[in-house]
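S.K.: We have chain R already, so just place chain A on it with the hints.
One-letter residues, chain by chain:
Number of protein chains: 2
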Amino acid sequence: MLPQRLVARLSLLAPTIRQLMETPPEPHTKATARGHIKALRTFKNVGFMDLSDGSGHGTLSVIVSDPGAVFAAHQYKVGQSVEVTGRWAPSRGRQPFELACDTQDPAHGIAVLGDVAPDYPIQKKRHTLAFLRSAPTLRHRTALLSSVLRMRARAEAAVAAFFLLHDVVKVAPPLITASDCEGAGEQFQVRPLGESTADGGGGGGFFGTAAYLTVSTQLHLEVLALSLNRVWTLTPCFRAETSNTPRHLSEFWMLEAELCYVTSVGQLTAFVEQMVRHVVAHLAAGGEWAAGAQHDLLAARHSRDDVARIRAAWAQVLLPAPWPSVTYSEALETLNALKYKGRLQGRLAWGAPLLTEDEKWLAGCHYQLPVFVTDYPKAQKPFYMRASGDAARPTVACFDLLVPELGELVGGSLREHDLATLEAEMASRGMLRDAMRWYLSTRENGSVPHGGFGMGFERLLAYLAAVDNIRDISAFPRAPNVCAC
Amino acid sequence: MLPQRLVARLSLLAPTIRQLMETPPEPHTKATARGHIKALRTFKNVGFMDLSDGSGHGTLSVIVSDPGAVFAAHQYKVGQSVEVTGRWAPSRGRQPFELACDTQDPAHGIAVLGDVAPDYPIQKKRHTLAFLRSAPTLRHRTALLSSVLRMRARAEAAVAAFFLLHDVVKVAPPLITASDCEGAGEQFQVRPLGESTADGGGGGGFFGTAAYLTVSTQLHLEVLALSLNRVWTLTPCFRAETSNTPRHLSEFWMLEAELCYVTSVGQLTAFVEQMVRHVVAHLAAGGEWAAGAQHDLLAARHSRDDVARIRAAWAQVLLPAPWPSVTYSEALETLNALKYKGRLQGRLAWGAPLLTEDEKWLAGCHYQLPVFVTDYPKAQKPFYMRASGDAARPTVACFDLLVPELGELVGGSLREHDLATLEAEMASRGMLRDAMRWYLSTRENGSVPHGGFGMGFERLLAYLAAVDNIRDISAFPRAPNVCAC
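Heads up: the protein sequence lines correspond to chains R and A, in order. For the record, in the first sequence the residue sitting at position 210 is 210 according to the UniProt record's numbering, with numbers rising by one throughout. For the record, in the second sequence the residue sitting at position 284 is 284 according to the UniProt record's numbering, with numbers rising by one throughout.
Here chain R stands alone, though its shape is the one from the complex (with noise of 0.2 Å):
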């Protein structure tokens, strides 16, 4: 591989500021740096001018000698692009180099690329995280918000390494399908514009069937499994829910796997908890210019209390200690027996599902730590999972992994195999076979015990991030009403 200065160069792309400070021109030669304009301060014969292109968090600092008060009057302004020439120094500041500006050398200068608006929202303050919202074309030009998207990149490169490491193959399952995997979800319908919902309602139309955005791939990632053993993807799924919570997006990212010859609900609980481990570890790794993406989002962050909950967040997910794994009929006598105590109100009978509240209160609370909760009654999960337990309680092989602060973070299952057994789950569910023929083809040929997960991403990225409002992790979120840009 080539070293990454040469690289750069190769590329014929102006150096960001990022490379500029991971592979430093020579101390005193001649540099130019591009970015916007996040502080200024203007003195008698100098001015400071500070930097930054969102290559990382930091800014580059431009120090300009102005005798004859040129640069003070320019006037720039805050959020103006500019493009700087000056001298590559060594500096006593925050950053290992700073930019050197002479306004009585020829050679060195300060371009205005692009002009700024009066009302230009993202001055040099703190600014919170709603008020950013009403900003969604410029709020990412805050350290603060462009660190969860900087974030975000190295996560998923660490999740592509993880996999790539267990032999998972990456796949692209189709977002628009004619079934509905969960059988429960609110769906969105495709059509084409200008098809009314007089056509193609229940069949014809552009796909020659009703058509919807996916709400999960796993159906499709099953058969991809079935011929090639191990499979994920990352993909946008879509939820026409009306509920609007800072946990739930319209359209969300999901990790989703399906791992063959998977027998135990533990092989799947350990195969997560590798997982997310993997990726946090690779996360908390890397200095200040480097890869290091909790280093980046700690530099963003201004609250005391929100650097504690980032760093409770991680060292919860990195401590040594195994997660501890308990069945839904554990977690409930747990609940009852601690949570609920000497009350009536609240306390949860056998098949009640587990609230947030007590998801959070379970990992956050009890066993501070992420925690699984396994076996599940039957009668909350979809047609597809295994059972386990017995008649008197039917549970299903799955779980949930619950993290402190957020609740459920991923959901497993092992999915039954068995042809028969699975038709008559369907069956007593009042499921048409006809529509699932294609999904049971891999039941009726060559069907081998199989499992897997979903983990909403951009929940994984709200919990590492210590942001409450999913909203504030999507680059352009949508919701009810939310679809303006």
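FYI, nobody ran anything at the bench for these hints, they're computed from the structure. Hints are supplied without guarantee of correctness; some may be wrong.
Copies of the same chain look alike in the list, so a pair counts if it fits in one copy or across any two.
Claimed, not checked - Below 20 Å or equal to it, Euclidean Cα-Cα: the simulated SDA-like pairs (lysine to any residue) are:
hint : residue 1 : residue 2
1    : Lys-38    : Glu-444
2    : Lys-77    : Asp-418
3    : Lys-77    : Glu-444
4    : Lys-124   : Glu-444
5    : Lys-125   : Lys-339
6    : Lys-125   : Glu-98
7    : Lys-77    : Gln-123
8    : Lys-77    : Pro-118
9    : Lys-44    : Asp-102
10   : Lys-381   : Thr-421
11   : Lys-44    : Ala-392
12   : Lys-339   : Leu-193
13   : Lys-378   : Gly-411
14   : Lys-341   : Ser-61
15   : Lys-77    : Pro-382
16   : Lys-339   : Ala-14
17   : Lys-378   : Gly-109
18   : Lys-77    : Ala-379
19   : Lys-381   : Thr-263
20   : Lys-339   : Gly-364
21   : Lys-124   : Ala-39
22   : Lys-30    : Phe-97
23   : Lys-125   : Gly-342
All values derive from a computational prediction rather than experimental measurement.
M.R.: Just chain A now, with coordinates in the frame of chain R:
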């Protein structure tokens, strides 16, 4: 990083056949392998079974010592999934190891995990791609089509590594959008199931506005590039084109990138040339069981013609000669002078679009290399491209990358970053400024010169796999009347 063998054990997953071959057990120890039966031969006292689990193109040979005719009596069938325990042994066959199974050894055995239907279509013979399309859930059990999916995963990893090297951040732009990027494409509209076309046609509805599936994420990528400097994505895009061709899908994956501080088309074409070379070189490296995607492809193709086409395509990309770059006007002159020489029919007037056959002729016959064609007539291109050329022949600063056999693989341009110029162009095309205010906000606030490109990911894979119909590249293709599973 832990050795792969250790990682595989820690994960509690049974090893794949690829893992068994790459990090083999000690010879002559007991080993278990799982997969589908690809081929069977039964003789007196000995039987042979070839197993594949799709983790690589090769099969694991199981040699069964069968003095009691136990194996023969079982009547195993091609397509069944089995778990075989035997002795791991060096082999003199095509693969370095085989599994020796003795029907009289109680520690050895063959268990059928899943039976197979009598009409199982994937038998041990050459299937045409057209035939395999009739078995959409089983066709990836062939070496031919599983090699395409494995290459896809490797290609995506190579692309990601390239962008990481160049400090380009992977982002996740939205797929549901209120705007129409190209101002032309046939779009799909998105509505919650149950919401009729009478609701929310021009406004209102679930999202508070009419919502579509994106045809290109470019406009959102531009917004993010103006915050992060360089961004890329690989996402599904959707086009409701009714033309049923082997080159088009209704749902396809598009690789798109936007790069700030780019000021010439030559920077973009140099970057794209490096990107495609990087990906192909990465895929060409590696051996049979390791990451060698080209070897994997070639081993699965039986026709000499297919093998020759694959070798030619890869060789063309990897030749050290730089790829030619000509303007549209120069390409037109070449076509008229050489392809259409002495013919009236077909001669191209300035302004005429290049047909796919013209593109294939330029790359495949004339240059016999991938070739960039730049500076197309403005009238052929969307509003956001920066102008080039003169008033007599107005062109835009854009390029297409044409490759032999396929035609257009990549298209890109400089984006107009000056607010007034962009607004004038939009007005001249009758576009509504209000609907694009969000996009224009980047031109009002610290705009910078930038450019980008898009590549149909399935097209790259079709080119490299020498597959003529893009529906054989997509795991579950979507096209008019094609959405059955």
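S.K.: I'd like to know which numbered hints this structure contradicts. Please list them from smallest to largest.
M.R.: 5, 6, 11, 12, 14, 15, 16, 17, 18, 23
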